[in-house]
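Visitor: Each chain, letter by letter, is given below.
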Amino acid sequence: MPAPVLVSSLVPLAAVLVSLAAVPLILLSARRPNLREFWTLAAAFAKLALVVALLPGALAGRVAETRLLELSPGVALGLRADPLGVFFALVASALWVLTSFYSIGYVRGAGEKRQTRYFASFAVCLSATVGIAFAANLLTFLVFYEVLTIATYPLVVHKESREAIAAGRKYLAFALSAGVALIAAVAWTHTLAGRLDFVAGGLLEDVALAPGAGRALFLLFLGGVGVKAAIVPLQSWLPAAMVAPTPVSALLHAVAVVKSGVFGVVRVVGFVFGPGWMRELGLDLLLAGVAGATILLASLLALKQDNLKARLAYSTIGHLSYIVLGVALLSPAGFAGGVFHLATHATMKITLFFCAGAIYVHLKKDRISQLDGVGREMPWTMGAFAVGAAGLAGVPPVNGFLSKWLLCLGSLEAGAPWALAVLLTSGLLNAAYFFPIVHRAFFRPAAAQSDEAKRKGEASPLLVVPLVTTALASLALGAFPDAALGLFELARAVAVSALGGGGAS
Amino acid sequence: MSVLRELAGTHYVYWTAMALLGIGLYGMLVKRNLVLKVIGLNIFQSAIVLLWIAAAYKRDATVPVLDQSIPVADPALYMNPLPQTLMLTAIVVGVAITGVAFALLVAIHERFGTLEEDELLERMR
Amino acid sequence: MTPEHLPVLIPLATLVATLVVPFCGQRRGRAAFWVASAGTLAALVFALGGLAHTAGGGRVAYRLAGWQPPVGIELVLDPLSAFLCAVVAAVALLVLAHSRRIAARELAGRLTPFYAAATLLVTGLLGIALTGDLFNLYVFLEISSLAMYALLAVGDARAPVSSFRYLLLGTAGASFYLLGIAFLYMLTGSLNMADVAALLPGVLDSPTATVALVLVALGIGLKMALFPLHAWMPDAYAHASSPAVALIAPIGTKVAAYVLIRFFFFVVDPEHARSALPLLDVVGYLGAIGIVWGSVMAIAQDDLKRMLAYSSVAQAGYLAVGIGLASPLGLIGAVLHVLNHACMKACLFMVSGTLRRELGHSRLSALDARTRRVLPWTSAAFATAALSMIGLPPTAGFFSKWYLALGALERGRWLLLAAILVSTLLSAVYFFRVLERVYLRAPAADAAEIAAPAPVPGEGGIAWATLPTVALAAGLVVLGLLNARIVEVLLRPMLPPGL
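Protein chains in written order, with the numbering used here: chain A, 135 to 639; chain B, 63 to 187; chain C, -4 to 494.
So here's chain A without its partners, still in its complex pose:
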């Protein structure tokens, strides 16, 4: 792959700003819901189009770059659509389109209040997420990271109940502490290196680091991005944040926010420290160990949950650490697998959350023990659920199999058979906590209910079409990984550029 050429372009900036520009429009049309939702959809489609427009360049090594004013002397507010950034932005913006349709069905079906604030905050979150994806340096990353923290808060407390406010406090306590750690880490990096640009192979590569200082710096970074990535022991905000409306859990707490944290880990490992320092300081083992522990612990905890969203949340915690583990292994296949899992987990988990939300809106059920026989009422929904669950457990041909396969290859490549054991054990646990749900839904008789609110048939098409689409996308991405958007190709390009090694598998 040739060295990337930087091309000055305003497209990355436009991709970030398009949803931000929609915010005043959304606020102004508060009294006209249809117009308001039109703005959301328009912004979502525009954002996706802009990100897709950046794809060919990223694949061909022509990296679009926007340099705006300086944020701090010598550090610009810079956006750069490199392969990793485009990859993440693509996942987030494509799923935002579906989530937008789903959101409309959900908030109207569930009769949520304060819908204007909901859609406005959502739009800000997406701007911040794409900003994180395209950030060309640590300071820009930090700015969008904190914006995302704040913009998510109104969504977490959306219900304004006591429980929601408590969850909001917990979320802020974790996220703001993480922000502080990240500020310290970024400032320290600036002091050490004198610059903050992300560089494939590590911006600290040529900087002399004392081992103690290097490890402390890495721990600060890990504290900063680890909260959003929900690495044990920083994970407990995520199950609490499940009080948010389901589309928020689906897009933000399974894709945008948490993956911003994971994305941060990828940036720190591949573009700040670089594989050289990671190995030299033993940080790869540290990170892999933490990720492995998180995977097993979260999978075990998921088994215990009866609340469907809580089980999905613990499953998310585990799967986020798959990505971290893949990156920590520092082998090309592992890295590519981790990055690819960022997309595959997104499509699968968002499917599952969409299903949970459809069940909640349609049947007002949120516990697994209540799901007996639901599959016969809602075959499309539960069919999609089965696809997502199978994928997360690693069953081919769903896309989850592919990324897990790469991760397993990566652990062998890196000479870490224990990582392989962790991955396989976790696959079994995944099956153990998902298949009973599918079994209940399809093979158990519905409990006799005299519920007057009991409804027949499927939920509204605004809910069902998006979730079937994501399930089909999961299948398609598994069967033809390079067919639609070249995600697989991108993931491999990222691994090559970050590790500087040969191609994977």
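Think of the hints as simulated: they come from the structure by calculation, not from any bench.
Keep in mind the model is a prediction, meaning the values are calculated, not measured.
Not one of these hints is a red herring.
Distance windows between CB atoms, simulated: (1) B/TYR74 to C/HIS356: 57 to 63 Å; (2) A/PHE614 to C/ALA466: 53 to 59 Å; (3) C/HIS356 to A/ARG242: 37 to 43 Å; (4) B/ASN95 to C/VAL66: 41 to 47 Å; (5) C/PRO323 to A/ARG201: 21 to 27 Å; (6) B/GLU179 to C/LEU43: 42 to 48 Å; (7) A/ARG242 to C/VAL472: 31 to 37 Å.
Now the stretches of chain B that chain C is said to cover, found in silico as 3 or more residues with beta-carbon under 8 Å: (8) 101 to 114; (9) 137 to 148; (10) 169 to 183.
Residues from chain B that face chain C, not an exhaustive set, calculated with beta carbons under 8 Å: (11) MET90; (12) ALA163; (13) LEU166.
All C-beta atoms in this analysis are idealised placements derived from N, C-alpha and C, irrespective of residue type, glycine included.
Assemble the complex: chain A is given as a structure, and chains B and C must be docked to it using the hints.
Guide: Showing chains B and C alone in chain A's frame:
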């Protein structure tokens, strides 16, 4: 003994100023009556004025007024006029502060009927 | 108009206003408002002219009454003093506009004295920034303090008491300063700053010089409410009228911090201040303690004004940390924070004033979502300013912390860095507590609806109170995004040559 005599003899102004500073600070911090606190403040300020004036003093020198009837051969035998004019300003500032302080005390007395710190704390509760 | 007159025109503009205001009549104070605003606006225009003229390192000196320095008094416009003048005048102008309506309510019948004292305060602060003479600085310090005592004495019943306490401590502080420069005068025989700066290096090692520096630091520390000399501030701010606090809190203590910078980096050789004497280290560490202490105390408060006052103690700590670092990054952080914090605090105290005007109180425990419904713009401005106070990018508050953190790292001061970062979390606690109430707390079932504010004849519409608040809040984001330009164009040229 000679050291003591020197301290007492030539530096006595400084010692006096230091003593006044201490007395003034003591009054401001320890006295429980607000008027006494203001008096302490005035003593404190006076001590500083004294220090400045003492710094301008020269033995055997005369007032810095160009007057034919007071023949001065050497210009160095005029006292330094600058600190004295400065202290005039400082005294004016001090008077203004004291005025505002008393205005505040009048307002306090009108509202709470006392200028004793302890009673004041009691009545403000 | 030629640039060499700018240094004297800036304070003269507000001084003239001070003298004209009493002729405006006692009754309505409407004319007094316009005179005061016009004077402040003129000062702002001159200050901006000065800023443009000195950008890049120019220096304009004006000799009062034609006397030659070092005997005569010099007013000096350099990048630092021009910057401070512009900040003071701009914030004062916005606060005056904002308070127009609130002052008419809270200070009914006393508007003329209020505007006279307000312009006198601004005159004093501008004078402090501009003067090139150590004794003249004392005079301006006391002029501004006198105006502050008068302004803070009007408010609730306890205001005169807290103002009196401030008067005692403030005068003691000024006296310590006067004592300090007495020793400097004895050493150098001069009071002109440039002259003293040239003469001082030869005698800096003497004990007298050390005593002088300590006394100056002590005196100015009292004025800027540096921990543990901050005791006067929370009470004074909590009991005074909203317009007075909104005017004093953002710019009053900042100017004291400016005096520290001017004295320790321009008059005294900064290298000496840094190495031979640990005085600046002490200032820095006291600032760090003040940051944490002020934030913790702010969490414990139930009244918005008092909470903001304690947060001002913490913010004075930031300035002290920047000064204590005694490095270019530290100074840039401190001076940038003077600007940022002036805007944030002005905005927040404006919100507190609006709440007191519209709701009749600023008790946090009585706020709920009705506040936001009645005052949506004010609430949004509060949220923005709160995020900036916490220090979240891309608001201005983040960037002053950023430079301070870089400075602390550069000099290896881990404790200072820790204090800066911990305070971020502490301020998040006390600001989100308020935001939670204003946005999320459902009103109690029996709570009456608050009437939307109706325009009161003769007081102007709600826009007078809201527009400056919202403008400042929006300004915080703009200042944040433009901070690098501010640093490069305005702040770098003002760094003392010795650093």
